[in-house]
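Colleague: Generate coordinates for the entire structure from the input sequences, incorporating the hints supplied.
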Amino acid sequence: MDPIANMLCAIKNATTKKKERVDVPFSGIKAGLVKLLKEEGFVSNFKVLDPKLDKTIDRRGVIRITLKYTLDKQPVINGIRRVSKPGLRIYRPHDEMPRVRAAFGVSIISTSKGLLTDAEAKKQKLGGEVLCQVW
1 MDPIANMLCA IKNATTKKKE RVDVPFSGIK AGLVKLLKEE GFVSNFKVLD
51 PKLDKTIDRR GVIRITLKYT LDKQPVINGI RRVSKPGLRI YRPHDEMPRV
101 RAAFGVSIIS TSKGLLTDAE AKKQKLGGEV LCQVW
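For the sequence shown, position 111 matches number 111 in our numbering, and the numbering has no gaps at all.
Everything labelled a hint here was simulated from the structure, so no lab data went into it.
For glycine and all other residues, C-beta sits at the position ideal for the given N, C-alpha and C.
Be aware that one or more of the hints could be misleading.
Cβ-Cβ distance ranges computed for the label pairs, FRET-style [said to hold, decoys possible]: (1) Lys38 <-> Arg101: 16 to 26 Å; (2) Gly79 <-> Lys35: 17 to 27 Å; (3) Pro98 <-> Arg59: 30 to 40 Å; (4) Gly41 <-> Lys123: 15 to 25 Å; (5) Arg81 <-> Gly32: 29 to 39 Å; (6) Thr70 <-> Arg99: 18 to 28 Å.
Here are the simulated lysine to aspartate or glutamate pairs, EDC-like style, with alpha carbons at most 16 Å apart [claimed, not checked]: (7) Lys68 <-> Glu39; (8) Lys68 <-> Asp23; (9) Lys30 <-> Asp2; (10) Lys18 <-> Asp72; (11) Lys35 <-> Glu120; (12) Lys68 <-> Glu20; (13) Lys38 <-> Glu20; (14) Lys122 <-> Asp95.
Modeller: Below, the structure is given as structure tokens:
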């Protein structure tokens with residue numbers, strides 16, 4: 001199974017059901033991805049829950065993501081899509097970064113400098129693996 005795709009699917013399903021928050025198993029790349037989603041304004045907040053403090057949490061830890069909605073209760077995330085998959089990796093140089101919904105969304109790129117948005121990767125002239133697109 002693809003853990004990043006599972007997290008994106010959990011977020012998509014939670015926004016469809018108008019849930020306030022969603023919990024996903026912890027990993028470093030997922031925490032970095034959620035941090036970028038918060039910086040770009042797609043989620044309200046996130047917190048990494050420590051299994052040492054709460055015995056009900058899985059031993060690896062949990063990322064609790066607080067979802068963001070507009071004033072009329074519409075989700076800020078209208079769509080979320082996994083691009084590069086374990087069976088088919090998608091890499092792009094900095095000058096071929098994909099535009100998401102005419103620049104209304106973002107692509108999240110895994111680069112040698114860590115996870116970056118498509119705009120930041122272009123600015124730093126870094127290519128990398130296109131993990132997902134959010135709009």
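Colleague: Looking at the structure, which of the earlier hints fail to hold?
Modeller: 5
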